[in-house]
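Read off the chains here:
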Amino acid sequence: MSLIEILEGPLWKASATIFVVFAAFRLMMILFTGRRHARARPAGSPAAGALRAILGHFLPWRALLKNGKAWFVILAGYAFHVGLFVLLLFAAPHVEFIREKIVGLPWEPIPRWGFIVAAQFSFAGLIALWVRRFVDPVVRLISRPDDHIAAGLTFAVMLSGCMALGEQSTFLRGLHLGLVELWLVYFPFSSLMHTFTWPFSRGFTGAMAGRRGTRA
Amino acid sequence: MRIVLFAVLLGLFPGGVTGLLQAQENTAIISAEPGPPNTLGTRSDTEIWHDLRLGAGGLVNPSTGSPEGGVLINSEGWEWSKLRNPETSPVIRYGSWGLLGVLGALVLFFLVRGRIDHGADTGRRILRFRLDQRVIHWSVACVFVLMGLTGLAILFGRPFILPLIGKEAHSVLLTASMQAHNLFGPVFALFLLALFVKFLRGNFPAWVDVKWLLKGGGFFGGHAPAGRYNLGEKAWFWTAVLAGGALSVTGFIMLFPDYLATRDTIHLSELVHAIAALVMIGFSLGHIYLGTIGTRGTLGGMVDGHVDEAWAQAHHDQWLAEELGRSDSETAADPIPDAEVQEA
Amino acid sequence: MTHDTSFPKHRSFDKHRSLPDEVRLENAMAGFVAEFGPAAQTWMNACVRCGLCAEACHFHLATGDAKYIPIHKIKPFEDAYSLTHGPFSWLNGLLGRKPKLTIEELGEWEELIYDSCNMCGRCTLACPMGIDIAELVKEARRGMYAAGLLPDRLARIVGNAEKQHSPFGTPEDFRRTIRKIEKEYGVSLPLDREKADVLMTLTPEELENRHLGVAGMARVLHHLGLDWTLCSDAFEATNFGYLSGNMELQGELTVRLIDKARQIGARMLIVPECGHAWGATRWEAAKWYGEPVNDIEVRHIVEVLADAVEEGRLKCRPVGESVTFHDPCQQIRRGGLEEKPRILMRALGMELREMDPHGTEGFCCGGGGGVLANDRAAPLRLKAFEIKKRAVEATGADRFVTSCNICEMTLERDITATGFEKPIESLIDLIGTHMITDQPPLKAPGRRTARKPAERKPAGRKASARKKG
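Sequences listed follow chains A, B and C, in order. Take 1 as the starting number for the first sequence in this note's numbering and just add one per residue. Take 1 as the starting number for the second sequence in this note's numbering and just add one per residue. Take 1 as the starting number for the third sequence in this note's numbering and just add one per residue.
Just to be clear, a hint being listed does not mean it is correct.
Lysine-lysine pairs mimicking DSSO-like chemistry, simulated, CA-CA at most 27 Å apart [what the hints assert, rightly or not]:
#: 1; chain 1: C; residue 1: Lys315; chain 2: C; residue 2: Lys443
#: 2; chain 1: C; residue 1: Lys383; chain 2: C; residue 2: Lys75
#: 3; chain 1: B; residue 1: Lys234; chain 2: B; residue 2: Lys211
#: 4; chain 1: C; residue 1: Lys260; chain 2: C; residue 2: Lys180
#: 5; chain 1: B; residue 1: Lys198; chain 2: A; residue 2: Lys66
#: 6; chain 1: A; residue 1: Lys66; chain 2: C; residue 2: Lys383
#: 7; chain 1: C; residue 1: Lys67; chain 2: A; residue 2: Lys66
#: 8; chain 1: C; residue 1: Lys100; chain 2: C; residue 2: Lys75
#: 9; chain 1: C; residue 1: Lys195; chain 2: C; residue 2: Lys183
#: 10; chain 1: C; residue 1: Lys443; chain 2: C; residue 2: Lys180
#: 11; chain 1: C; residue 1: Lys389; chain 2: A; residue 2: Lys66
#: 12; chain 1: A; residue 1: Lys101; chain 2: A; residue 2: Lys13
Computed beta-carbon distance windows for the label pairs [to be verified]:
#: 13; chain 1: A; residue 1: Gly152; chain 2: C; residue 2: Gly37; range: 32 to 40 Å
#: 14; chain 1: B; residue 1: Arg130; chain 2: C; residue 2: Thr102; range: 32 to 40 Å
#: 15; chain 1: A; residue 1: Leu75; chain 2: C; residue 2: Gln263; range: 53 to 61 Å
#: 16; chain 1: A; residue 1: Glu108; chain 2: B; residue 2: Arg296; range: 55 to 63 Å
#: 17; chain 1: B; residue 1: Arg326; chain 2: C; residue 2: Gly96; range: 52 to 60 Å
#: 18; chain 1: C; residue 1: Arg317; chain 2: B; residue 2: Arg124; range: 57 to 65 Å
#: 19; chain 1: A; residue 1: Arg99; chain 2: B; residue 2: Tyr259; range: 26 to 34 Å
#: 20; chain 1: C; residue 1: Gly107; chain 2: A; residue 2: Glu167; range: 52 to 60 Å
#: 21; chain 1: A; residue 1: Ala16; chain 2: B; residue 2: Leu103; range: 45 to 53 Å
#: 22; chain 1: A; residue 1: Ala16; chain 2: B; residue 2: Ser81; range: 42 to 50 Å
#: 23; chain 1: C; residue 1: Thr418; chain 2: B; residue 2: Leu103; range: 58 to 66 Å
#: 24; chain 1: C; residue 1: Thr102; chain 2: A; residue 2: Leu75; range: 37 to 45 Å
Far from chain B by the CB rule (all over 12 Å, computed), these chain A residues [to be verified]:
#: 25; residue: Thr17
#: 26; residue: Arg41
#: 27; residue: Ser45
#: 28; residue: Val82
#: 29; residue: Trp183
None of these hints come from the bench; they were simulated from the model. Beta carbons: idealized from backbone N, C-alpha and C, even for Gly.
Let the hints inform the model, and build the full structure from the sequences given.
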């Protein structure tokens, strides 16, 4: 079995399994263990508060609208995330891969120019945000090794993906796939889990605020 | 700004455009006029080939809409292929010598002069680069390194890397380099534009630059006066902006050849792209040297934003005086500086 | 019903810091995660270190110091959490891995957790992930408390609250003070009635320095025709257990109030102007009973007055000046009472000039959450006051009002220290002095309690307070 066959076969299956099993396990542990307290008689609707927070925190907080740093984080953050999702779900090779390995039904890939635009946004956002981790004393102080590893792995995955864009080289395809597998294995044990925890995090806070008749 | 630069470039190198116009004029020369019996026309083969060589059109269908639709042989391509050929290319030859020369000069300078030191630190730190400037600087730097490495691989790969790693590995390296180079190009252009905006202030020529130059920039001992940026930094700023601008414009032309260019402009773009890249990379080596091991206390200014006042006195005395004067009046008026100013 | 005895007993507070460091550290970590449920666990797993919480925190904004970033304040506990509850915790158990933290390092965080956080929750709103950092700091205080790491002065106050019923003093002290206030202002303060509809509570600050405020409040309650009482064995509204991280004390203090209200057959428990008391009593009491407290309505005095205004039972003579309002974090941002004080200011005919920012976005006074009681934090607090000062100045309002004792005390001290020209006033006092009522007026007190350091218009306002109040 050649290296690429291993990467596309057993290693892919193993890493995908680790990702699914452990991410689900971690999420279950987070959501279903620990103490639950009785809550006060509500003054407002916890459900409405949760919904409000889940949606509301997509936008910058009103009090930070005049804050340049906040705008930087928000714009770079959106550029990175939106770009990444477009690449992840709609890049032609990904659509093909998803059809082949995961679900049977293909969906429409984006055209090449769309891929390029998405990649620009994604890279620009990720680089600027990562650079900031080093040069902003505030963010440098709170950055954990995990934050750098997560950013670095994601960057490596994206870079190798772009390098393989010519689809001429098995080596480059293998490199990209190998990095993706590494990323998948790292994911459930890292801050990358924010991919799944964000709605709950916002939701719990929002429900608390909703119960109290205020907003979060 | 890019459009202006593009126009300037076209103005400076009109060869491609005039060649094209010539080609269109010559189209009429080859006609279907019947010649003597047993001949294919009134003109000799030599003449026909001569005309074609100069770009004359022929029986090709000109209705494709492309400006070159009627051109059989693009003679500029000859020149271009010479430029691309590792054996004959002056760009590759002089470019590699030039970069090696810069590296050698830096090593020599380090051996002779050593690390430039401003003497004892005062312990008082002063803000030199704001957070937004630091973020944009390092963002440009990261993308520049990536673009530089992939670009150098594309330019120097065949003469220098291929013999080392063989054809197969080289082809992998090149396709990877090209894809990454193409994808990061627009990011570089975007970041460079932001860099231009964020660093423009303080980078205009001033009288003190002449004094700085007369003192040899302090590179060989002695104190050279300077404002926020010295002449060397200003030269680097404008080189980076102009060379980077040229790289961006020509890069976009090569990224979207179908929309932005004729073949001649692409050839020209490649030449300009390569020269601008070599100039910028060469200059960047000096910049990186001086910013890191070359002078003590410089790197901190771009990492946490602050430099020691002794450093500022040694390298940017006029700027330090301005800053100290300004911050005195500021603190008096406003005991809590806003987050933008004090950030650290 | 008394409080839920199944609630876990916490390891005892290391009063003399005499336990071995290892045990203290272990207690700290256990204390931190003891109350963790899905919400706290999700928060701990959602942070991506974007640093936006820094832009919300008054202590960070005022000093520019990176260490005051909200999420940084819980760092040692986060490390411990990842060791005990993190993705590899099962592995750590097998390998016998221990926190790398030392008790000294944890001690360095004492300042960050107690001096530089009011648990005001501004960072919570700034967080893109909606992480409730204020709540996590509260959990962290439980850990710090368990390790005996809390500011000395706060520890003393907690000790008083444990030993003498209240930081103010014993039930006997309370009875004496209430009688004194009655005499001073000629108002009747129902005390220790066996049955009453409403149980009224007070704060130590009111009992020590703000007798006029107590008298005014009593007069309003009389005017509203409420059947109310104070109880000498359940008068303390503030909850230093909540502020210090002493869980047992927090439970005891809350349960004491609710149980007392039930005992006298009250249907309502009124929390005075204090902010954290509102949070501890209204929003956290259910925790100690294992179910919502449905039979007793816990209401804030501002809420009671605003509802009376809206129902037309309370009318005021117009004050007529412009006013700006400091939003107490625990009442407004985290308490849901944003509209209530504004109703009262409208009732007083005042032109409200809102600060930028205000309401749920407003900056904290800097003294809540036990910071005011912790006097070593005063210099830091003063820096944070600059933000508030500028916001107040920018409104150009005639008067500066708030509805929380702690905010008022904090701002008062900051105003004195900085020589700011606008005094801070209590909204409840303004209602008390401008209420239109048949109630007998308050007697002018023989000895004034000095509480306003710099009166801009002393004559007019004080006179009206004396004459009509």
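Status of each hint after checking the structure:
For the given pair, Lys315 of chain C sits about 21 Å from Lys443 of chain C by alpha-carbon distance, which is consistent with the 27 Å threshold. For the given pair, Lys383 of chain C sits about 24 Å from Lys75 of chain C by alpha-carbon distance, which is consistent with the 27 Å threshold. Restraint check: the Cα-Cα separation between Lys234 of chain B and Lys211 of chain B comes to about 14 Å, which is no more than 27 Å; the hinted pair holds. Of the pairs offered as hints, the one joining Lys260 of chain C and Lys180 of chain C holds, with about 24 Å between alpha carbons and a cut-off of 27 Å not exceeded.
Annotation: proposed proximity of Lys198 of chain B to Lys66 of chain A holds, straight-line Cα distance about 19 Å (limit 27 Å). Annotation: proposed proximity of Lys66 of chain A to Lys383 of chain C holds, straight-line Cα distance about 22 Å (limit 27 Å). At most 27 Å may separate the alpha-carbon atoms for a hinted pair to count; Lys67 of chain C and Lys66 of chain A meet this at roughly 23 Å. Of the pairs offered as hints, the one joining Lys100 of chain C and Lys75 of chain C holds, with about 13 Å between alpha carbons and a cut-off of 27 Å not exceeded.
With a CA separation close to 24 Å, the supplied pair Lys195 of chain C and Lys183 of chain C stays within the 27 Å bound. Pair hint Lys443 of chain C plus Lys180 of chain C holds up; C-alpha atoms about 13 Å apart against a cutoff of 27 Å. For a cut-off of 27 Å, the pair hint linking Lys389 of chain C to Lys66 of chain A stands: about 19 Å separates their Cα positions. Note on Lys101 of chain A and Lys13 of chain A: the hinted pairing holds, with a Cα-Cα distance of about 9 Å set against a maximum of 27 Å.
For the pair Gly152 of chain A and Gly37 of chain C, the supplied restraint of 32 to 40 Å holds, since their beta-carbon distance comes to about 33 Å. At about 37 Å, the beta-carbon gap between Arg130 of chain B and Thr102 of chain C stays in the expected band of 32 to 40 Å. In this structure the supplied range 53 to 61 Å holds for Leu75 of chain A paired with Gln263 of chain C, their Cβ-Cβ distance being about 58 Å. Against the hinted window of 55 to 63 Å, the Cβ-Cβ separation of Glu108 of chain A and Arg296 of chain B comes to about 57 Å, which satisfies the hint.
For Arg326 of chain B paired with Gly96 of chain C, a C-beta distance near 58 Å keeps the hint of 52 to 60 Å intact. Roughly 58 Å separates the CB atoms of Arg317 of chain C and Arg124 of chain B, a value that falls within the hinted 57 to 65 Å. Take Arg99 of chain A and Tyr259 of chain B: their Cβ atoms lie about 32 Å apart, and the range 26 to 34 Å holds. Between Gly107 of chain C and Glu167 of chain A, the C-beta spacing of about 58 Å keeps the proposed range 52 to 60 Å intact.
As the Cβ distance of Ala16 of chain A to Leu103 of chain B is approximately 46 Å, the hint placing it in 45 to 53 Å holds. Look at Ala16 of chain A against Ser81 of chain B: about 48 Å separates their beta carbons, and that is inside 42 to 50 Å. Distance hint for Thr418 of chain C and Leu103 of chain B: a CB-CB separation of about 59 Å, consistent with the stated range 58 to 66 Å. Between Thr102 of chain C and Leu75 of chain A the beta carbons are some 41 Å apart, a value that agrees with the proposed interval 37 to 45 Å.
Non-interface call for Thr17 of chain A relative to chain B: holds, since the shortest CB-CB distance, roughly 29 Å, exceeds 12 Å. Distance to chain B confirms Arg41 of chain A as a non-interface residue, since its nearest Cβ pair spans about 40 Å, more than 12 Å. Listed as outside the interface, Ser45 of chain A is consistent with that label: its C-beta sits roughly 36 Å from the nearest C-beta of chain B, beyond the 12 Å cut-off. At roughly 15 Å from the closest C-beta of chain B, the C-beta of Val82 of chain A stays outside 12 Å, upholding its exclusion from the interface.
In this structure Trp183 of chain A is separated from chain B by more than 12 Å, as the shortest Cβ-Cβ distance comes to about 18 Å.
Comparing the model with each numbered hint stated earlier shows that all of them hold.
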